[in-house]
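In the order they appear, the protein sequences are chains A and B.
Residue 239 in the numbering used here sits at position 85 of the first sequence, and the numbers go up by one each step.
Residue 58 in the numbering used here sits at position 31 of the second sequence, and the numbers go up by one each step.
These are computed hints drawn from the structure, not numbers from a lab.
Because the structure is a prediction, the values reported are computed rather than measured.
C-beta: ideal position from N, C-alpha, C; glycine also.
Nothing false has been slipped in among the hints.
What follows is a set of in silico ranges between Cβ atoms, one per label pair, in the way DEER data are often shown: (1) B:47 <-> A:341: 27 to 35 Å; (2) A:264 <-> B:44: 29 to 37 Å; (3) B:54 <-> A:352: 22 to 30 Å; (4) A:220 <-> B:58: 18 to 26 Å; (5) B:31 <-> A:316: 43 to 51 Å; (6) A:334 <-> B:28: 17 to 25 Å; (7) B:54 <-> A:220: 18 to 26 Å; (8) B:50 <-> A:352: 17 to 25 Å; (9) A:299 <-> B:28: 52 to 60 Å; (10) B:58 <-> A:326: 34 to 42 Å.
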Amino acid sequence: MTQYGHHGLFVASLLESLGFPIPGAVVLLAAGAGAALGVMNPALVIALPVTAMLIGDTLLYFAGRRTGWTLLGFLCRVSLNPETCILRAARSFYKRGHTALLVAKFFPGINTMAPPLAGSMNMRPRDFFRFDIAGALIYIGSYEAIGFLFHGVLQQIIHVLQDFGKAAGWVVAAGFAAYLGYRVWNFVRNRKGTTAPHVRPLEVVERLQREPDAALIVDVRSHGYYDPDAQRIRGSVRLEPNNLEALAETLPRDKSIYVYCT
Amino acid sequence: MLRVRGFEAYVMLGGLRAWQKARYPTELIPSDDVVLLPRFN
Chain A
155 MTQYGHHGLF VASLLESLGF PIPGAVVLLA AGAGAALGVM NPALVIALPV
205 TAMLIGDTLL YFAGRRTGWT LLGFLCRVSL NPETCILRAA RSFYKRGHTA
255 LLVAKFFPGI NTMAPPLAGS MNMRPRDFFR FDIAGALIYI GSYEAIGFLF
305 HGVLQQIIHV LQDFGKAAGW VVAAGFAAYL GYRVWNFVRN RKGTTAPHVR
355 PLEVVERLQR EPDAALIVDV RSHGYYDPDA QRIRGSVRLE PNNLEALAET
405 LPRDKSIYVY CT
Chain B
28 MLRVRGFEAY VMLGGLRAWQ KARYPTELIP SDDVVLLPRF N
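Modelling step: build the complete structure from the supplied sequences, incorporating the hints.
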């Protein structure tokens, strides 16, 4: 903090709110201690991170409002089951309502998902800003108060947080490795058969004109059926890709199947 | 997976975006298929 000062505090808070893996809690603890030791301005130590988080959250909120469920769909892509991820995240956020914004910042990952979710779910801007500012003040105030009050033992607190961070990092790394392993296993398993050939839309249209009953277009988008004005290829049928194995039995065996996604 | 199961399956290049770009016909998704996620307002 001595090196980067107020600018560092602002940038770190902005990046954290945008989802970058920044140790925001440690920065806020240090800022609180800096205020206690007189090397940082106490008013700026509160105002700067609140402003930075509000800027980051506002960007994500309006991105959510503009893109509807697309942004949540993108964030859920890493999930093993994107469909369930979207449904659960939306329902859970709706159930907890505005109060979720008050505590979201304490939970890595959720802090990044909450503002776009609020936007996707049409939360009124006035409500969003009210609860988001309150949440930012609670989060920033809590860590800075600890830093301010316990600046003498800050080193130990930071060590504990760093140890916790390392442990959490290993857990995340193990989870990511397991996820990668699952994806590779899935890829290898599905490659055992023949890879499906690719065709251009024109070829599909020509085939349908020649033999309208010999082909079926199948929509396998993992998400995209959440907006009432969503479009699909005329005459296509929906097949939820996460249940492909079970649903495949409903497909006709005497027709060519043309699958498409977004 | 469909090929493994014996279906004559193909992947359409470019997906829905390429289809729309080529101005081939689309339709609104039937309301029964739309999953309405909760909204605050």
